[in-house]
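These are the residues of each chain, in order.
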Amino acid sequence: EDQVTQSPEALRLQEGESSSLNCSYTVSGLRGLFWYRQDPGKGPEFLFTLYSAGEEKEKERLKATLTKKESFLHITAPKPEDSATYLCAVQAFSISGGSNYKLTFGKGTLLTVNP
Amino acid sequence: NAGVTQTPKFRVLKTGQSMTLLCAQDMNHEYMYWYRQDPGMGLRLIHYSVGEGTTAKGEVPDGYNVSRLKKQNFLLGLESAAPSQTSVYFCASSRTGRSGNTIYFGEGSWLTVV
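Chains as they are written, first to last, in this note's numbering: chain A, 1 to 115; chain B, 116 to 229.
A few of these clues could be false.
[Unchecked claim] Below, computed lysine-lysine pairings styled on DSSO-like, alpha-carbon distance capped at 27 Å:
| hint | chain 1 | residue 1 | chain 2 | residue 2 |
| --- | --- | --- | --- | --- |
| 1 | B | Lys186 | A | Lys107 |
| 2 | B | Lys186 | B | Lys129 |
| 3 | A | Lys107 | A | Lys57 |
| 4 | B | Lys186 | A | Lys42 |
| 5 | A | Lys59 | B | Lys129 |
| 6 | A | Lys42 | B | Lys185 |
| 7 | A | Lys68 | A | Lys42 |
| 8 | A | Lys42 | B | Lys129 |
| 9 | A | Lys57 | B | Lys185 |
[Claimed, not checked] If you only want the chain B side, here are some residues facing chain A, beta carbon under 7 Å, derived:
| hint | residue |
| --- | --- |
| 10 | Gly157 |
| 11 | Tyr163 |
| 12 | Tyr179 |
| 13 | Thr217 |
These are calculated hints, taken from the structure and not from any lab test. In this text the structure is predicted, and so the values were computed from the model without any measurement. Note that CB positions come from ideal geometry on N, CA and C, so glycine has one too.
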């Protein structure tokens, strides 16, 4: 069974204080690891997909990295508008060999950035 | 850009009532999904569809039914609503592909069963 664990559950930062969010995963065969951002009352918004260990992707103040067991979302010099819940999810190759693109999500990290 | 559109956005039901949540996507995606999101539980897959006319069960399918009569639409039905089905429901869609496939979400439907 695929499992995703995110830590910490909540993180409070001061504006400009860099930090990282962790996503540990267990999956039979990783097709892709996804990061989403979710604002209150909204649906998850896609940020990144990582496919293989060693891969990195960046978008503005966010940088996602991937190893064989975990992914990190690094936030550099965050601003209050970066406050949101960040969700990590894995997509696995189907054991039966058929197509299966469903995501297994972690419970998220609630990030609050104070001005 | 409409993307994934869900209706209604808010609904209150009495226990035992039935209702249907509608999802429409304009991205010509093959795959569609229904998730529910509950505090402390994260997003959990209810049902999904890999193409028009096909549906499959996810992690938490009990009490729900789905239909995919048209490629762009995916309907989630509650035949006899229960308080345990109070949740936020998200529809999502993705295209097919060999690599990891990005799933795009709608804005959510808030359902309360009293």
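Each hint tested on the structure:
1. A distance of roughly 30 Å separates the Cα atoms of Lys186/B and Lys107/A; the hinted pair therefore is violated under the 27 Å criterion.
2. Between Lys186/B and Lys129/B the CA atoms are separated by roughly 31 Å; this puts the pair beyond 27 Å, and the hint is violated.
3. Using a Cα cut-off of 27 Å, the hinted pair Lys107/A and Lys57/A holds, with the two alpha carbons roughly 22 Å apart.
4. Proposed proximity of Lys186/B and Lys42/A is supported: the alpha carbons are some 24 Å apart, at most 27 Å.
5. Between Lys59/A and Lys129/B, the direct Cα distance comes to roughly 45 Å. Violation of the 27 Å bound is thereby established for this hinted pair.
6. This hinted pair checks out: Lys42/A and Lys185/B have alpha carbons roughly 26 Å apart, not beyond 27 Å.
7. Between Lys68/A and Lys42/A the alpha-carbon distance is near 31 Å, which puts this suggested pair outside the 27 Å criterion.
8. Of the pairs offered as hints, the one joining Lys42/A and Lys129/B holds, with about 25 Å between alpha carbons and a cut-off of 27 Å not exceeded.
9. The hinted pair formed by Lys57/A and Lys185/B fails the criterion: a straight-line CA distance of about 36 Å is larger than 27 Å.
10. A cut of 7 Å between beta carbons decides the hint on Gly157/B: the least distance to chain A is about 4 Å, and the hint holds.
11. Look at Tyr163/B: its Cβ gets to within about 6 Å of chain A, closer than 7 Å, so that hint holds up.
12. At its closest, the beta carbon of Tyr179/B sits 15 Å from a beta carbon of chain A; the interface hint therefore is violated under the 7 Å criterion.
13. About 6 Å separates the beta-carbon of Thr217/B from the nearest beta-carbon of chain A, less than 7 Å, and the hint is met.
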